[in-house]
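Take a look at the letters that make up each chain.
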Amino acid sequence: METNIILDALWVVLAGMLVFFMNAGFATLESGMCRSKNTVNILSKNFIVFAVSSLGFFLLGWGLMFGDGSGFIGTKGLLFASGADNSPNVGAAYEGVYSAISWAGIPFWVKFFFQLVFCGTAATIVSGAVAERIKYLSFILFSLILTMLIYPVTGHWIWGGGWLSKLGFMDFAGGTAVHAVGGWAALSGIMILGPRIGKYTKSGRINPIPGHSVALATIGAFILWLGWFGFNPGSTMAADPGAIGHILVVTNTAGIMGVLAATVTAWIKLGKPDMSMSINGLLAGLVAITPACAFVSVTSSLIIGAAGGVLVVFASLFFDKLRLDDPVGATAVHLANGIFGTLCVGLFAQEGILGNEVNGLLFGGGLGQLGVQALGVVTVGAFVFVTTALIWLAIKKTVGLRVSIREELAGLDIGEHGNEAYPEFLSRKTNYAHLIEDMGSEEAKSEAKSKISA
Amino acid sequence: METNIILDALWVVLAGMLVFFMNAGFATLESGMCRSKNTVNILSKNFIVFAVSSLGFFLLGWGLMFGDGSGFIGTKGLLFASGADNSPNVGAAYEGVYSAISWAGIPFWVKFFFQLVFCGTAATIVSGAVAERIKYLSFILFSLILTMLIYPVTGHWIWGGGWLSKLGFMDFAGGTAVHAVGGWAALSGIMILGPRIGKYTKSGRINPIPGHSVALATIGAFILWLGWFGFNPGSTMAADPGAIGHILVVTNTAGIMGVLAATVTAWIKLGKPDMSMSINGLLAGLVAITPACAFVSVTSSLIIGAAGGVLVVFASLFFDKLRLDDPVGATAVHLANGIFGTLCVGLFAQEGILGNEVNGLLFGGGLGQLGVQALGVVTVGAFVFVTTALIWLAIKKTVGLRVSIREELAGLDIGEHGNEAYPEFLSRKTNYAHLIEDMGSEEAKSEAKSKISA
Amino acid sequence: METNIILDALWVVLAGMLVFFMNAGFATLESGMCRSKNTVNILSKNFIVFAVSSLGFFLLGWGLMFGDGSGFIGTKGLLFASGADNSPNVGAAYEGVYSAISWAGIPFWVKFFFQLVFCGTAATIVSGAVAERIKYLSFILFSLILTMLIYPVTGHWIWGGGWLSKLGFMDFAGGTAVHAVGGWAALSGIMILGPRIGKYTKSGRINPIPGHSVALATIGAFILWLGWFGFNPGSTMAADPGAIGHILVVTNTAGIMGVLAATVTAWIKLGKPDMSMSINGLLAGLVAITPACAFVSVTSSLIIGAAGGVLVVFASLFFDKLRLDDPVGATAVHLANGIFGTLCVGLFAQEGILGNEVNGLLFGGGLGQLGVQALGVVTVGAFVFVTTALIWLAIKKTVGLRVSIREELAGLDIGEHGNEAYPEFLSRKTNYAHLIEDMGSEEAKSEAKSKISA
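So the sequence lines, in the order shown, correspond to chains A, B and C. With the numbering used here applied, the first sequence covers 196 to 649. With the numbering used here applied, the second sequence covers 196 to 649. With the numbering used here applied, the third sequence covers 196 to 649.
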């Protein structure tokens, strides 16, 4: 086999493993940011979601996304990732019926694995937003459909040779294809699910519901930081060290500026440097740079990251104002910054940036590119928001979406799994049962009250 | 140095690091699945076991396993991993007195490191099964002997040019050589140690003893998942991307099917999707595919993984029925599935699978291969079970094997280490002292009662 | 691009990522070893310190360290890592104005990233030593100055073509350049900060203040262990597998001997195998081998690591005797063993060790080399200790260095961040308020007493 194929494949395999490990990051981040009574449930969701994604993407998703077909969807090689003539081991730029990804000259299963871990990321973004009230089974069903049917369609538009890619839409590592898709699915989910009991009162007060372990959340943040070094530089899908080094530093720079900007913003706005804002600042910077990371200079990444860090604080407050309850801030991180970063391509992209400069000019792209980026943001958003809303509603009508009030107050760990996360530690439960009168529905009140008196 | 040697060595070094990190996975998985009063002890065991393994394998184990010698054992280059003429830096297919591993054309110390982390895995498998009652010193002694004398012998049979390898026994990444060996050593250990106080009552009841932190256990599961991507694909010991990609996807597919199958099985059988079963399902699928991962198709891995996931649930219940107390289910995971996976080579192996297909046929191997696999399972099992039983008994007679009842009730952290894992958190201890009358021995009862009244 | 450049760059990128991940290791290790009331603060410090380091090293530090200039400091290409003519993507041995690092023939940003993560390590070493009493803002300011102005100067002496490197000072992976620098900065910090309330009494008693989670600390230890496999072997900055394999095994061997020696020493001296001593033994062995790892045999690493493991126990007791309060033992680990390891180069270094032997002779180096090593230890130590002391004092005079007694007793999490790490778990706080009369200052006593009566 030719040396360059081996080099490319080794790099993609290792980068893909780092992206896979982001599942551990999301699991710890999200469970740390939620209450201990729902910890088993959140961990279980984040654990099984990659299993479900792997199955869904293998069964159908890969083919819909990368199979040859129309500008809208792949129609060849659909089932079991198996085109008629694909030869996984040829190594050379393999085509088969997946010609949209034949530019990456690496063995078939290496391509598949790398795309699979990206698909899994989109699905796991949703889990944090809908946490602490969704039924386990319903989340599993949604994840299967998302990774098998929704993510692959917009993925086909952007990376599978579809209509957006033909228009020149640029999304290097998935600011729209992965993060905004996950974010839109999360948004439609929390709109249909409704907020957690006690989060918002009738009088308009917003109750902070602190997570049970900042230690767990911070472990998650570090793992995600590491994982992004696979996510962005790995999206070269080739061992081009100039590009990898550039993207790596651009990614880290945006991330650290996100940390600093969000910390300062929270310090000024809330009076203290809140740790969860520092963490979401990191993620915001990393998401914001994701679509643009191969097209902008390091200096530009300073600005993009810092803007992302400020944006996430205000987006969090904004979603809260709309009474859209997102326990971990997934929409503020992945949706707001996925959109912002995608537009940044239009603002900051510079041709040939990977080849010949260090700091360069700040502004590139241009109005035409900005328009294409905006078109992609809107169309992908509309498609994903509408289709996922329909799926959430369909699940709601059939197996149901939300656990009972009784179960929500007691915690989903017992109700859904029959386990407790920390059966030995004594804790004060924060179930906000006393806020039940603020909930509006008479049925809810009476169910809740009977629980409390029991 | 030739490029292909550099490529091979980089891959093996990085894969070996992932396998090393499995020590962190076992430490967190096992401590999360046990009680908080024994957490320091479990972490200490998992921490020092790799130190002990490294020493034992360096001092003697490597030479016994890979040194030239008879079909039963290596007899050359025994001490300090130093054959007479080995030149670590030559890069080319180095022979020296370790000709069984000269097929891997990478520098000496790279080979050594990769084999060392495998040896360490076998030793750390034992620690979970014997947890919550074994003396720290006794475990250290056992681990030293296991890695210096036992693991290398069966390893020689399988991978060191010994008699099983000559018969055509196939164990690609160590389903028997690592997992079943660890599993047999664990089984003999828990038979000789006996169950934890309170696990089984005279009346035949089996008390669940829940672990103190599902969060810790889940972190461990994710780390192990990642580590397996080094364990199986790294066992190529060469940068062959077609093989690596195939093995990677086969490994992940078996793992996720293990998750799904075990979750569903537990849901049906126990009424709820128990998280610890999901985790052990993952590990079961990963263990089951380990010996066969380079010989079977992705489609076959769907079946092998799913079967492993079902098997682990029933194996756990089976060992419990035999009153063999394994706090983390190590025997159900590593022994039962190590055996099952080794037999799967006979059922599913297909020649040339790495080179030229995607999904392929399901069944290969054949009766002859199945027979050889069974022979390996039985002989390795008999050798390891008997020799480790003798070692456990010898340690029992000399330094003793089990902590006092008093210490077991109070927790091993104070008794063995003088530390508490969480000195600030208030907790309810589950020591099952009230079940002491079920224990049979009069001496045990009186010692325990004096403790309780104190 | 030439294949060898791609190979070198891939290795350095991946090794750098492992070193980056050590931030997660330090965060969990340090927070686990401190009290739960200060957990958010410690995690926040360890989280933001890499952001601050990244910014400081990019703005100025890189240029001071590697820019062409005098023997004392770099004077070219200072700002924004941008020499006049640097071309990041040329791949070949790039010079520009950073000729001291042109020996590494990899793209500019890859070099930058690898050096950046080393700089970040030096800064994060400090955070553990000053934990549980330093103001968040003050630590941020100190870290910025350290990484922008101090670390780069001594780094220039050693690795940037400065006077020590010209004298033949040898520090392969940063025993002095990173670990001792961090250690000296930590030492001056804890001398100026003073001990935590309750650590030392007037009567001379030393109170142990146990950390709140051995599980967190152990996770950190494993991550650091893994990270060191990037730290030392990665410092080749080239894909030389003979060297990488040798350094990898030497590093691991020293680490495991540190574990074993410290565990046994603690067992003998303190009566029990204390887990935190096992962990610090690991780190001690790893630090001790860091400067020498490419110059000594595996057999020598057995001795160096074991000596480091013994040293760390006695150094911890020694610093405690001097009433220098270092909650995590950072000075005993990084300073004492950074010095010891640097001197070991003089004692054990052997020419050509990477190329042609396995176990070799134990002693090399020689008196001349030992003298140069000692000179480096002393001059770097004097420079860093004095300059960091001045910085600590300047911060103390301006924004202040230490939180109020009131805040220290209540915990820094509430005071500095307005968060609690574990808001649900019930805990007994260990604030040592009853020891306030031992503190000497009347002001301190009255402030503290008013707190207690409140």
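In case anyone wonders, no lab produced these hints; they're calculated from the structure. One should not assume that every hint holds.
Identical copies look the same in the list; a pair holds intra-copy or inter-copy alike.
Stated by the list, open to error - The list that follows gives simulated cross-link-like pairs (lysine to aspartate or glutamate, DMTMM-like), each with its CA atoms no further than 25 Å apart:
| hint | residue 1 | residue 2 |
| --- | --- | --- |
| 1 | Lys467 | Glu615 |
| 2 | Lys271 | Glu619 |
| 3 | Lys271 | Glu197 |
| 4 | Lys361 | Asp263 |
Consistency of the hints with the structure:
{"no.": "1", "hint": "Lys467 / Glu615", "result": "between (33 Å within a copy, 13 Å between copies)"}
{"no.": "2", "hint": "Lys271 / Glu619", "result": "neither (54 Å within a copy, 53 Å between copies)"}
{"no.": "3", "hint": "Lys271 / Glu197", "result": "neither (29 Å within a copy, 38 Å between copies)"}
{"no.": "4", "hint": "Lys361 / Asp263", "result": "within (14 Å within a copy, 47 Å between copies)"}
Consistency with the previously given hints fails for numbers 2 and 3, ordered from lowest to highest.
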